[in-house]
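Chains as they are written, first to last, in my numbering: chain A, 1 to 226; chain B, 1 to 565.
In short, the hints are calculated from the structure, not lab data.
Beta carbons: idealized from backbone N, C-alpha and C, even for Gly.
Among the clues, some could well be false.
Stated by the list, open to error - Covered stretches of chain A (in silico footprint by chain B; criterion: 3 or more residues with CB under 8 Å from a CB of chain B, positions within the stretch not fixed): (1) 43 to 56; (2) 64 to 75; (3) 83 to 89; (4) 99 to 105.
Claimed, not checked - Residues of chain B clear of chain A, computed beta-carbon distances all greater than 12 Å: (5) Ala87; (6) Ala101; (7) Thr150; (8) Leu163; (9) Leu257; (10) Arg308; (11) Gly321; (12) Arg324; (13) Val339; (14) Tyr390; (15) Pro395; (16) Thr410; (17) Arg458; (18) Val507; (19) Leu525.
Here is what each chain is made of, one letter per residue.
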Amino acid sequence: MTIAFSTHRLGKDYGDRPALEPLDLEVPQGQHVALVGHNGSGKTTLLRMAAGLLDPSVGEARIVGHVSGSREARRALSWLSDTPTFYDDLSLWEHLEFVSRVHGVEAWEARAESLLATLHLTTRRDDIPTTFSRGLRQKAAIAIALIRPFQLLLVDEPFVGLDQPGKEALLQLLDDAAAGGATLVVATHELAFVGRVQRLLALRDGALVYDGSPADVDVHALVLPA
Amino acid sequence: MTDATDATPATPDATAVATLADPAYAALRRLRRTRQLHRLGNIEWFDAAYRVYLLGLFGGGSILWISSSVKDANVSAATADSIAAHAPAVLGLVAAMALLAGLRGGAQGGPIALEAADVVHVMLSPVDRRRALLRPAVQRARGAVFAGATTGAIVGQLAGRRLPGSLLAWASGGALYGGTVAAIWAGAALLAHTRRLPRWLATATGLAVFGWQAAAVAWHVPGPGTACGSLGLWGWRQHPVDLVPVAVALAAVVVGLTQLQRISLEALARRSALVAQLRFAVTMQDLRTVILLRRQLNQESTRRHPWRRLGPARSSTFTSGVWRRGWHGLLRFPLTRLVRLAAVAAGIGVLQAAAVRGTTPAVIGSALLGFLLGLEIYEPLSQEVDQPDYTDGLPVERGELMVRHLAAPTVALVPFAIVAATAAVLTMGSTDAIVPAAILALPTLLGGAAGGVYSIVRDAPDPFSSAKQEVFIPPEMAGFTTTLRLLLPIVVSALGTCSVLLMRSAVRNGGSLAGAALRGAIGSLLVAALVAYWTKVRDRVRIKVRAFMQEGRAQTSAKHARSGT
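All chains should be modelled from the sequences, with the hints used to inform the complete structure.
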């Protein structure tokens, strides 16, 4: 069994405040995982450390066997943040081209057009995403995260700001990615989404309090702070 | 309708992975070139030329004016000997400061600041990070060295007017020294970042070197920066050994550049976002935002646990509430800020003593420090200004609230006044200075901090906005208005701290030192009291002035309507 994402004693503290207690975790290739927890429970910290955007205080994270942040790990991992970031002098289409090319994808146009159509962004392809509304920025970020090849998709609060068609489009894209063999780890407060995943991880005050099937637990109780 | 198969992401295969490195970097280079062309295309060339013209006119003019104001006569042989003996150590102190700043900056994520989008889209892609970061890092180091060399050349040619050696030689020596100091800063920052030096270790190392060099200045012992400082005198005489720091600084930069792949993305991401905001805030002359962002860059956050918890309130009055709110904030000041405030207070004491001993420009230095002290210590007032919605929701006049916010920080200034007085007495080196320093310290700090208070209150959002008026300020006046706006708080601080000149007069004329200190203290307190009063009545006065002007405009309109014009 190939492990797409693993952590070994991975922990983070900000001064005297632990954000994530040392955590051991293994997510097999192709698994669809939801990460839940109250605000400040450590979800974003865990995902950002996995993406290589935060330095762990202890332990390490590995992406398909490679240390997080390494070139091989970056090649396999796509990161969709809850705070989309764009160049302020590139159109959405130019963003898609750049991200595709920097990941070595030559024939990217068809995939880009397909993504934009799914996300109802076709008419905005030549606009600058920094001028978009919150929801449109989120959709643009989704397109950019999915335009490139990946084995593991880490997603932080993807539904925030999305309208109902946007949510449905995202769910379809996530399903497509899972069907393509990608591993998905999605941090969310959207509890309705939890029913679609194979595995549920719940964090509370930086500690893992549940790891199992979403069907076996009262998810609402899990996301309450201690 | 999207084809589901089409939308499915491809898993990278081995062939694609093997050939990925070069296309990734090529894509990055292409992006950078495209964006450069975009930027060049967006430049208003006439506007840019006008700016260069203005810079040349005022910058060049200022340098010429300062140069011409330096006497051309050579210094005496004794003075020249003294400079030859002491200047290398003193100039070495600047190099040690650059090392300290570089180490601290590097430990906090410097010296590179990428765009936030670059951090996400480039640094998280499989591009070779060292190659991707090389250009911004080289640009940063090159920019710093150029700025250092230019400053060194300007100062060098000024020194050359009074010291042996040609102007060209002094300018060249100064450029070499300035460039080396900047390279020390850049190299230290790159190494501290890429070696992931902990902040405490970076600060401790930098302070140790700085302290050693300070000892070299004070006691004429060999210092780690003296050889670098000696470069500053190359316009006069050259010692080949002085080239060692040049080689070391360049080597540090090169080694740092080769280690760029070790850079911390966490530090880089934090710094990138903050530096972008900082640049914007500086452009907008938004001093408060600059201060807040500097604190964030230095990772200076308020304490979770206050130094001391306040007991239960004895009174429920409005004044008591604001007083307690002030102390809640002050008691959460982090240690670094307290140390900085103490250092600023000590600096004020030293400069005030220097002014008494005859160095008049030291008053300006103490005014600047007093201004900074005010911006820091009156933090509760700044916080109130930062939250105008809360303030506007309170059933009290804003002026009444703001003036009450001055009370707690004013009391908190007392220990810093003791630090300032001690520093002044030590600088004067005489017990005769104890009584005047004790009398003058707190009033001077208050007078100096008054400029900071003036700046904070003035920059508060104006509910009676004059935005429309500002729009119609002609461009010729806009520059003058901006300059005046920048300088006015410093002028207030200077008025609050210049009373020390009465002391100097007493020293020169043999008058009573305590009497002069008392008169000076009254003057400084008067400035502080005036600013406090202005804080209280500012809004009321503005309302009256506005009503008066509107009334005048209404009468003029009515008059024109009657006359049919």
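Hint by hint, here is what the structure shows:
{"no.": "1", "hint": "43 to 56", "in the structure": "holds (count 5)"}
{"no.": "2", "hint": "64 to 75", "in the structure": "holds (count 5)"}
{"no.": "3", "hint": "83 to 89", "in the structure": "holds (count 5)"}
{"no.": "4", "hint": "99 to 105", "in the structure": "holds (count 5)"}
{"no.": "5", "hint": "Ala87", "in the structure": "holds (43 Å)"}
{"no.": "6", "hint": "Ala101", "in the structure": "holds (23 Å)"}
{"no.": "7", "hint": "Thr150", "in the structure": "holds (30 Å)"}
{"no.": "8", "hint": "Leu163", "in the structure": "holds (50 Å)"}
{"no.": "9", "hint": "Leu257", "in the structure": "holds (19 Å)"}
{"no.": "10", "hint": "Arg308", "in the structure": "holds (18 Å)"}
{"no.": "11", "hint": "Gly321", "in the structure": "holds (29 Å)"}
{"no.": "12", "hint": "Arg324", "in the structure": "holds (25 Å)"}
{"no.": "13", "hint": "Val339", "in the structure": "holds (18 Å)"}
{"no.": "14", "hint": "Tyr390", "in the structure": "holds (23 Å)"}
{"no.": "15", "hint": "Pro395", "in the structure": "holds (32 Å)"}
{"no.": "16", "hint": "Thr410", "in the structure": "holds (31 Å)"}
{"no.": "17", "hint": "Arg458", "in the structure": "holds (32 Å)"}
{"no.": "18", "hint": "Val507", "in the structure": "holds (49 Å)"}
{"no.": "19", "hint": "Leu525", "in the structure": "holds (40 Å)"}
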